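Start from the sequences, fold in the hints, and give me the full structure.
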Amino acid sequence: MIFGRQKKIDKETVAGKIIVALDVDAEEDAYNLVRHLSPPLGYFKVGLRLYMSCGQRIIYGLKNMGVRVFLDLKFHDIPNTVASTAEVVTRMGGDMFNIHLSGGRDMVRSTVDRVRETAEISRVPVPKVLGVTVLSSFNESMLRGDCGVDRHLEQHVLKLALLGEESGLDGVVASPREASNIRKNCEEGFLIVAAGVRPLWAPTHDQLRVLTPRQTLEAGANYLVIGRPIIEHDSPRDAMEKILAEIAR
Numbered sequence: 359m360i361f362g363r364q365k366k367i368d369k370e371t372v373a374g375k376i377i378v379a380l381d382v383d384a385e386e387d388a389y390n391l392v393r394h395l396s397p398p399l400g401y402f403k404v405g406l407r408l409y410m411s412c413g414q415r416i417i418y419g420l421k422n423m424g425v426r427v428f429l430d431l432k433f434h435d436i437p438n439t440v441a442s443t444a445e446v447v448t449r450m451g452g453d454m455f456n457i458h459l460s461g462g463r464d465m466v467r468s469t470v471d472r473v474r475e476t477a478e479i480s481r482v483p484v485p486k487v488l489g490v491t492v493l494s495s496f497n498e499s500m501l502r503g504d505c506g507v508d509r510h511l512e513q514h515v516l517k518l519a520l521l522g523e524e525s526g527l528d529g530v531v532a533s534p535r536e537a538s539n540i541r542k543n544c545e546e547g548f549l550i551v552a553a554g555v556r557p558l559w560a561p562t563h564d565q566l567r568v569l570t571p572r573q574t575l576e577a578g579a580n581y582l583v584i585g586r587p588i589i590e591h592d593s594p595r596d597a598m599e600k601i602l603a604e605i606a607r
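Quick note: the sequence shown, position 37, residue 395 per this note's numbering, numbers continuous.
It should be emphasised that the hints constitute simulated quantities derived from the structure, not laboratory data.
Mixed in with the good hints, there may be bad ones.
[Unchecked claim] Once the Cα atoms are required to be at most 20 Å apart in a straight line, the calculated SDA-like pairs of lysine to any residue come out as: (1) Lys421 - Tyr401; (2) Lys432 - Asp471; (3) Lys486 - Gln414; (4) Lys432 - Asp383; (5) Lys432 - Lys542; (6) Lys432 - Tyr401; (7) Lys486 - Arg472; (8) Lys486 - Glu445; (9) Lys542 - Ser525; (10) Lys432 - Ser495.
[Said to hold, decoys possible] What follows is a list of derived Cβ distance ranges for each label pair: (11) Glu546 - Tyr418: 31 to 37 Å; (12) Glu478 - Leu558: 44 to 50 Å; (13) Arg393 - Arg607: 14 to 20 Å; (14) Leu431 - Ala606: 18 to 24 Å; (15) Pro397 - Asn438: 39 to 45 Å; (16) Gly374 - Ser411: 25 to 31 Å; (17) His510 - Arg415: 40 to 46 Å; (18) Gly413 - Ala606: 36 to 42 Å.
Please read these numbers as outputs of a predicted model, since none were measured by experiment.
Even glycine gets a Cβ: it sits at the ideal position worked out from N, Cα and C.
Written as structure tokens, this is what we have:
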């Protein structure tokens, strides 16, 4: 991969690949993190915790700060419900959001079609729509024992990724461990957003399928979602600099 061949990695290029998970309760805490990290970082993730605390205003607030927003709410319902919800997200101006691929082909296609129609009618940019494969907190035994999936985890992730690609998604969310296999089997432009990325110096917490930031980029991921190693550090700015330096080494 390109990152493995380069002698020097451009800091700005790598910074553009990091999405910081704003997993906090308070709106002002989220804004403070953005102020500390941007620039060079410019992509931030709003998950269930922050969205339930602040609602839609957090999306508008972050966009007004000039950063991009990944709305990570993992929609999973009947096709019409998810498509209708995606319509709202599109009008809100989110840059990226995700849905669960386990919702099936009809749900995925309905969502993709509705997003494009809404963007055209509302004259707003088309957000990137990603499919969630298997959460990075899962392992093989949990997938088989708890979910009854009679398929190896990596095979199951790839099957879901291919379903997403065939159904018109822009990419998938997967653990770093599956990034290489997805990249080998999907088109080059198909995005891989890796969750469960951990620097060498950070604990893995509840993430079971992890790689370092550099390993994840070398495996073919386009974006790295990193939360706790940055936002729970005594100095989020220092943590970000350590991660960028680790990738460069």
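Results of checking the hints against the structure:
Annotation: proposed proximity of Lys421 to Tyr401 holds, straight-line Cα distance about 10 Å (limit 20 Å). About 18 Å separates the Cα atoms of Lys432 and Asp471, which keeps this hinted pair within 20 Å; it holds. Restraint check: the Cα-Cα separation between Lys486 and Gln414 comes to about 18 Å, which is no more than 20 Å; the hinted pair holds. At most 20 Å may separate the alpha-carbon atoms for a hinted pair to count; Lys432 and Asp383 meet this at roughly 19 Å.
With a C-alpha separation of about 25 Å, the suggested pairing of Lys432 with Lys542 is violated against the 20 Å cut-off. Distance restraint check for Lys432 and Tyr401: the Cα-Cα separation of roughly 18 Å lies within the 20 Å cut-off, and the hinted pair is therefore satisfied. Annotation: proposed proximity of Lys486 to Arg472 holds, straight-line Cα distance about 13 Å (limit 20 Å). Annotation: proposed proximity of Lys486 to Glu445 holds, straight-line Cα distance about 13 Å (limit 20 Å).
A distance of roughly 18 Å separates the Cα atoms of Lys542 and Ser525; the hinted pair therefore holds under the 20 Å criterion. Simply put, Lys432 and Ser495 have alpha-carbon atoms about 15 Å apart, close enough for the 20 Å limit, and the pair holds. Between Glu546 and Tyr418, the C-beta spacing of about 34 Å keeps the proposed range 31 to 37 Å intact. About 45 Å separates the C-beta atoms of Glu478 and Leu558, a value consistent with the hinted range of 44 to 50 Å.
Checking the proposed 14 to 20 Å range against Arg393 and Arg607 shows it is violated: the Cβ atoms sit about 28 Å from each other. One distance hint, 18 to 24 Å for the beta-carbon pair Leu431 and Ala606, is violated here, with the actual separation near 33 Å. Between Pro397 and Asn438 the beta carbon distance is about 41 Å. The supplied range of 39 to 45 Å therefore holds. Taking the beta carbon of each, Gly374 and Ser411 are about 28 Å apart, inside 25 to 31 Å as hinted.
Separation of His510 from Arg415 is about 43 Å and conforms to the stated range, judged on CB atoms against 40 to 46 Å. Here the CB-CB span from Gly413 to Ala606 is close to 39 Å, well matched to the stated 36 to 42 Å.
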